[in-house]
Amino acid sequence: MNDSLYQEIILDHYKHPHGRGLREPFDAEAHHVNPTCGDEITVRVALDGEKVVDVSYEGQGCSISQASASVLHELLTGSTITDAMAVEQSFVELMQGKGQIEPDEDVLGDGIAFAGVAKYPARVKCALLSWMAFKDATARAVGSPVVAAEEERR
Amino acid sequence: MNDSLYQEIILDHYKHPHGRGLREPFDAEAHHVNPTCGDEITVRVALDGEKVVDVSYEGQGCSISQASASVLHELLTGSTITDAMAVEQSFVELMQGKGQIEPDEDVLGDGIAFAGVAKYPARVKCALLSWMAFKDATARAVGSPVVAAEEERR
Amino acid sequence: MSEEPAVSVGANSPLDVERVRKDFPILDRRLAGDRPLVYLDSANTSQKPTAVLDALADHYTRHNANVARAVHQLGEEATAAYEGARDKIAAFIGAPSRDEIIFTKNASEALNLVANTLASGLAENPRYRLGPGDEIVVTEMEHHSNIVPWQLAARRTGARFRWIGLTDEGRLDLSTLGELINPRTKIVSLVHQSNILGTVNDVETILARASEVGALVLLDGSQSVPHLPVDVTALGVDLMAFTGHKMVGPTGIGVLWGRREVLDGLPPFLGGGEMIETVAMEGSTFAPVPHKFEAGTPPIAQAVGLGAAVDYLCAVGMERIHDHEHAITAYALEKLHAIDGVKIIGPDTPELRGGTISFTVDGIHPHDVGQVLDEQGVAVRVGHHCARPVCVRYGIPATTRASFYLYTSTDEIDALAAGVQHVKRFFG
Amino acid sequence: MSEEPAVSVGANSPLDVERVRKDFPILDRRLAGDRPLVYLDSANTSQKPTAVLDALADHYTRHNANVARAVHQLGEEATAAYEGARDKIAAFIGAPSRDEIIFTKNASEALNLVANTLASGLAENPRYRLGPGDEIVVTEMEHHSNIVPWQLAARRTGARFRWIGLTDEGRLDLSTLGELINPRTKIVSLVHQSNILGTVNDVETILARASEVGALVLLDGSQSVPHLPVDVTALGVDLMAFTGHKMVGPTGIGVLWGRREVLDGLPPFLGGGEMIETVAMEGSTFAPVPHKFEAGTPPIAQAVGLGAAVDYLCAVGMERIHDHEHAITAYALEKLHAIDGVKIIGPDTPELRGGTISFTVDGIHPHDVGQVLDEQGVAVRVGHHCARPVCVRYGIPATTRASFYLYTSTDEIDALAAGVQHVKRFFG
Ligand SMILES: Cc1ncc(COP(=O)(O)O)c(C=O)c1O
Ligand SMILES: Cc1ncc(COP(=O)(O)O)c(C=O)c1O
Numbered sequence: 001m002n003d004s005l006y007q008e009i010i011l012d013h014y015k016h017p018h019g020r021g022l023r024e025p026f027d028a029e030a031h032h033v034n035p036t037c038g039d040e041i042t043v044r045v046a047l048d049g050e051k052v053v054d055v056s057y058e059g060q061g062c063s064i065s066q067a068s069a070s071v072l073h074e075l076l077t078g079s080t081i082t083d084a085m086a087v088e089q090s091f092v093e094l095m096q097g098k099g100q101i102e103p104d105e106d107v108l109g110d111g112i113a114f115a116g117v118a119k120y121p122a123r124v125k126c127a128l129l130s131w132m133a134f135k136d137a138t139a140r141a142v143g144s145p146v147v148a149a150e151e152e153r154r
Numbered sequence: 001m002n003d004s005l006y007q008e009i010i011l012d013h014y015k016h017p018h019g020r021g022l023r024e025p026f027d028a029e030a031h032h033v034n035p036t037c038g039d040e041i042t043v044r045v046a047l048d049g050e051k052v053v054d055v056s057y058e059g060q061g062c063s064i065s066q067a068s069a070s071v072l073h074e075l076l077t078g079s080t081i082t083d084a085m086a087v088e089q090s091f092v093e094l095m096q097g098k099g100q101i102e103p104d105e106d107v108l109g110d111g112i113a114f115a116g117v118a119k120y121p122a123r124v125k126c127a128l129l130s131w132m133a134f135k136d137a138t139a140r141a142v143g144s145p146v147v148a149a150e151e152e153r154r
Numbered sequence: 001m002s003e004e005p006a007v008s009v010g011a012n013s014p015l016d017v018e019r020v021r022k023d024f025p026i027l028d029r030r031l032a033g034d035r036p037l038v039y040l041d042s043a044n045t046s047q048k049p050t051a052v053l054d055a056l057a058d059h060y061t062r063h064n065a066n067v068a069r070a071v072h073q074l075g076e077e078a079t080a081a082y083e084g085a086r087d088k089i090a091a092f093i094g095a096p097s098r099d100e101i102i103f104t105k106n107a108s109e110a111l112n113l114v115a116n117t118l119a120s121g122l123a124e125n126p127r128y129r130l131g132p133g134d135e136i137v138v139t140e141m142e143h144h145s146n147i148v149p150w151q152l153a154a155r156r157t158g159a160r161f162r163w164i165g166l167t168d169e170g171r172l173d174l175s176t177l178g179e180l181i182n183p184r185t186k187i188v189s190l191v192h193q194s195n196i197l198g199t200v201n202d203v204e205t206i207l208a209r210a211s212e213v214g215a216l217v218l219l220d221g222s223q224s225v226p227h228l229p230v231d232v233t234a235l236g237v238d239l240m241a242f243t244g245h246k247m248v249g250p251t252g253i254g255v256l257w258g259r260r261e262v263l264d265g266l267p268p269f270l271g272g273g274e275m276i277e278t279v280a281m282e283g284s285t286f287a288p289v290p291h292k293f294e295a296g297t298p299p300i301a302q303a304v305g306l307g308a309a310v311d312y313l314c315a316v317g318m319e320r321i322h323d324h325e326h327a328i329t330a331y332a333l334e335k336l337h338a339i340d341g342v343k344i345i346g347p348d349t350p351e352l353r354g355g356t357i358s359f360t361v362d363g364i365h366p367h368d369v370g371q372v373l374d375e376q377g378v379a380v381r382v383g384h385h386c387a388r389p390v391c392v393r394y395g396i397p398a399t400t401r402a403s404f405y406l407y408t409s410t411d412e413i414d415a416l417a418a419g420v421q422h423v424k425r426f427f428g
Numbered sequence: 001m002s003e004e005p006a007v008s009v010g011a012n013s014p015l016d017v018e019r020v021r022k023d024f025p026i027l028d029r030r031l032a033g034d035r036p037l038v039y040l041d042s043a044n045t046s047q048k049p050t051a052v053l054d055a056l057a058d059h060y061t062r063h064n065a066n067v068a069r070a071v072h073q074l075g076e077e078a079t080a081a082y083e084g085a086r087d088k089i090a091a092f093i094g095a096p097s098r099d100e101i102i103f104t105k106n107a108s109e110a111l112n113l114v115a116n117t118l119a120s121g122l123a124e125n126p127r128y129r130l131g132p133g134d135e136i137v138v139t140e141m142e143h144h145s146n147i148v149p150w151q152l153a154a155r156r157t158g159a160r161f162r163w164i165g166l167t168d169e170g171r172l173d174l175s176t177l178g179e180l181i182n183p184r185t186k187i188v189s190l191v192h193q194s195n196i197l198g199t200v201n202d203v204e205t206i207l208a209r210a211s212e213v214g215a216l217v218l219l220d221g222s223q224s225v226p227h228l229p230v231d232v233t234a235l236g237v238d239l240m241a242f243t244g245h246k247m248v249g250p251t252g253i254g255v256l257w258g259r260r261e262v263l264d265g266l267p268p269f270l271g272g273g274e275m276i277e278t279v280a281m282e283g284s285t286f287a288p289v290p291h292k293f294e295a296g297t298p299p300i301a302q303a304v305g306l307g308a309a310v311d312y313l314c315a316v317g318m319e320r321i322h323d324h325e326h327a328i329t330a331y332a333l334e335k336l337h338a339i340d341g342v343k344i345i346g347p348d349t350p351e352l353r354g355g356t357i358s359f360t361v362d363g364i365h366p367h368d369v370g371q372v373l374d375e376q377g378v379a380v381r382v383g384h385h386c387a388r389p390v391c392v393r394y395g396i397p398a399t400t401r402a403s404f405y406l407y408t409s410t411d412e413i414d415a416l417a418a419g420v421q422h423v424k425r426f427f428g
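Protein chains in written order, with full-length UniProt numbering: chain Y, 1 to 154; chain D, 1 to 154; chain G, 1 to 428; chain W, 1 to 428.
Heads up, a few of these hints could be off.
Straight-line C-alpha distance at most 16 Å; calculated EDC-like pairs for lysine to aspartate or glutamate [as the list claims (entries may be wrong)]:
1) D:K15 - W:D362
2) W:K343 - W:D168
3) Y:K98 - W:E83
4) Y:K98 - W:E76
5) W:K88 - W:D311
Rather than coming from a laboratory, the hints here were simulated on the basis of the structure. In this text, all values refer to a predicted model and were calculated from it rather than measured experimentally.
Let's have the full structure, built from the sequences with the hints guiding it.
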């Protein structure tokens, strides 16, 4: 099972999630659902000016969606919004790359373990769930109407 | 072209139709249309008690529908309603027999030439058009509500 | 899991499964890693026997033409084949008349056809017009395709949308049936066999109550018609929907059957093509059933394929297929019960249920169960199976579902059980 | 008429018809009396090349599974194939986005989808809600599938149903366009190429007027997409419907394309299956396009087949197909003009028309023409061709129609002309 999408790193984050739980204070939260499998996640962001001081989350779902949230917490907590969005962008690209993209460990850290997921279209949504929720929560927190409107439509 | 559905008798009736034209007096008429090809026929029946004194008709359509009306006129004019319905029944059976029924010349006269038509589902409706109109017109003339209601629905 | 499962027949099955499997070419497929295919997802869609594929190929290479329109030889052959399929399907479900068989694109369209025409307000007879004050009753175990059309119909017409709930055992809770189905009820639409729980419902009791109050009964036979002998005349319902791809037929075709009187009473659904009697710019009149409901070029080759599917099922025998699945289901329930942490969602004995088993594995998300099973070549479905309210009812996000058919062998059930054990070790 | 027509290529055709014909196995079919098939009924339905049949067989024997639902390998393969077909079709018609391609069961369903959702009253934006005071405009040369849905929509909503008339030459009479399309007009739905007259319509002029008043434009491309390069972005219309079986694809599949904004604005059509975002008994929300409009199991194998059809057409080249048909049509018009008593219904020169020629033979009913042609192996269609208002307009009950495609040879046109001469002798 070498080409398995279940890399050790993913299983580790799944079995021992980092930063799990919804914490106060927070500036905005977003709740996302993957309708095909019922995966759910709530992500909260606490900002201090340009800085992401905490990303807390709670959810239920498969190992991929839960591990991905744990990685997200680890990567983005403490970074600037701009940097966080760059990481997010890079993770989304990796996931939508159909397995053709070489991930950059400097940017994505443990996130590179998800490279194999990109080959499983049905699971890409699981991996992206918390990231999409993070993006929306952040957009709300900074009051960006465009992105918030997009979330409404989803 | 031996297995043609265009028997000489049919072509004869088509080229030289018997009893064509709408005549007065009449007791009832029915107008039928074959929606797939636009064939139309109007059939009038004039009754005298149990007797069919005239079947007159006018229509446009293919050789099969027109020849069939000519044969109908010839066979049914002058007979009793009961006999006419028996002939009608017999002709319908022949047409719906998918070419498996041996026609009875004593009952159907020139109508037996239509035996081959039964093998062409798309043309069966053409052959039956005037007969259906005759049946409805007669039902109206004798005031039978059941058959008339059926016509309404068609 | 690398050697091919040797096909053997369960002690209680009347079917020679090994022989049946030879009719389905895809069952020889090797998956990634050269693993043999263990296909346990037939409730999602069934595999197709050679007889059906041959019928399709023969149609396209020898008889292809449009139907009901042409006077030429190919047109007559295609029409005879298409209408011949209608005859076969009418006989297969015991329909009193071939004209009561409407070809649709799938079961969903058949269900929507009924909901839409009732909601359109165009019917002459008020029995076939939904409005404020009327009630629609479904059950909590319906497929989304038998929920959403009625929610939309209710929204459009002001009718009330109601449902029969479920017991903890995965059966319909009929305790309040008398109130749920009442004189305001215009239609009761329910599934015959649940695609998530496997439950076979007690149609008789519901039909009896519906008849008392004069409500129509529409049966969703998508999961029953493929698996058990179904006779609409014996059942006594008004309408039934089912779908070709789940009964060894092609995709792209479904069926609505209805009693003539009911179909005559419903207004047209989609307009166009051969569903008309005569068209003028000033107004049009409509053909009698079945054509009234078949707008445009129908799924001709697919009907021919479905006719071949029905021939195939009849040749094997629906009773025997049903008995086989019953035996396989009993075997599978036993195997799954024996695994610690596995919980069956739905009836957990083989009585009054079909060969579709949903289950959860403690602490492991169904998506993970399904994925790791797939890595072993075992194809199951995970998720809410288009019946999300059932998951909500039982407080779970999703289930893993294994579903069987005439070609399912006990060795495949063994592979499933071994696979689940492996899943537990993997995430343990 | 007993020897097989030797296939030869018209001087002005860029196609090697003889080679093309080898791709279509049915063209070797011998009819009753061992007559070779002369298939001149492609506007009714087209024949299928081996590439399409192979794609279908390969799908069913190797990749068959349901789509968008399964995490297993077959499910992923089937989904990739199905969604891959969407990509191909988007590229084929120049759609800006693959998500704008909706698979339906045929063109009729696509047209009905638009008419029904506009008539349902469920849209949030009033632009997509028909009501009293609104007007719907079609033309007098529409296929019934683009008339009846609008008549039904008008009846349901109180909107007014209007149409653009025809000139004696078989073209749209645009003299009163300014009044017909006016600020009350919500939608203009018109055929790109007429299936009875062969006329290719002046979309640009109509679109310009529709844009002025803010009306939507829906194009029925059933007879144009198979025969000419069609680019929806270049055309600038809002929506377009077409059908698989007329473009060398399988039966059971059609396409609705629409601009994203328009598709987003339309409410759902059929409910169920994968068209949802989330379903609860209390209410449901819907998926984004294209899935919003694809209720239930879609025509999976048929989409794959249509993808293969598009690949095939692209490999031959749509420009070359169009040029070939233009040459064949010019040749056929010449041959038919030369026969006494034959009258062309529709444009009688090859300009701005496609390879579909309707004609009458003095004093002989089209049914008889068609039948006697069939006895010679020449398959044409007779009747009103689901465009009865055109027959009424020209005061005829029906026409005989010969229609061509990329595999039509000049020898087949010769067989047609000889056949018509024989018809005249037979009934003379
Ligand atoms: C112009 C036109 N529109 C619509 C249709 C309907 O297509 P379908 O029968 O595939 O729904 C046809 C073909 O019959 C057609 O020629
Ligand atoms: C019980 C039930 N009803 C309806 C459907 C819908 O069938 P289809 O997807 O073929 O429209 C399904 C299958 O998905 C089903 O299992």
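Hint check results:
1. For the given pair, D:K15 sits about 14 Å from W:D362 by alpha-carbon distance, which is consistent with the 16 Å threshold.
2. The suggested pairing of W:K343 with W:D168 holds, with an alpha-carbon distance near 13 Å, which does not exceed 16 Å.
3. The suggested pairing of Y:K98 with W:E83 holds, with an alpha-carbon distance near 14 Å, which does not exceed 16 Å.
4. Restraint check: the Cα-Cα separation between Y:K98 and W:E76 comes to about 13 Å, which is no more than 16 Å; the hinted pair holds.
5. For the suggested pair W:K88 and W:D311, the alpha carbons sit about 8 Å apart, so the restraint of at most 16 Å is met.
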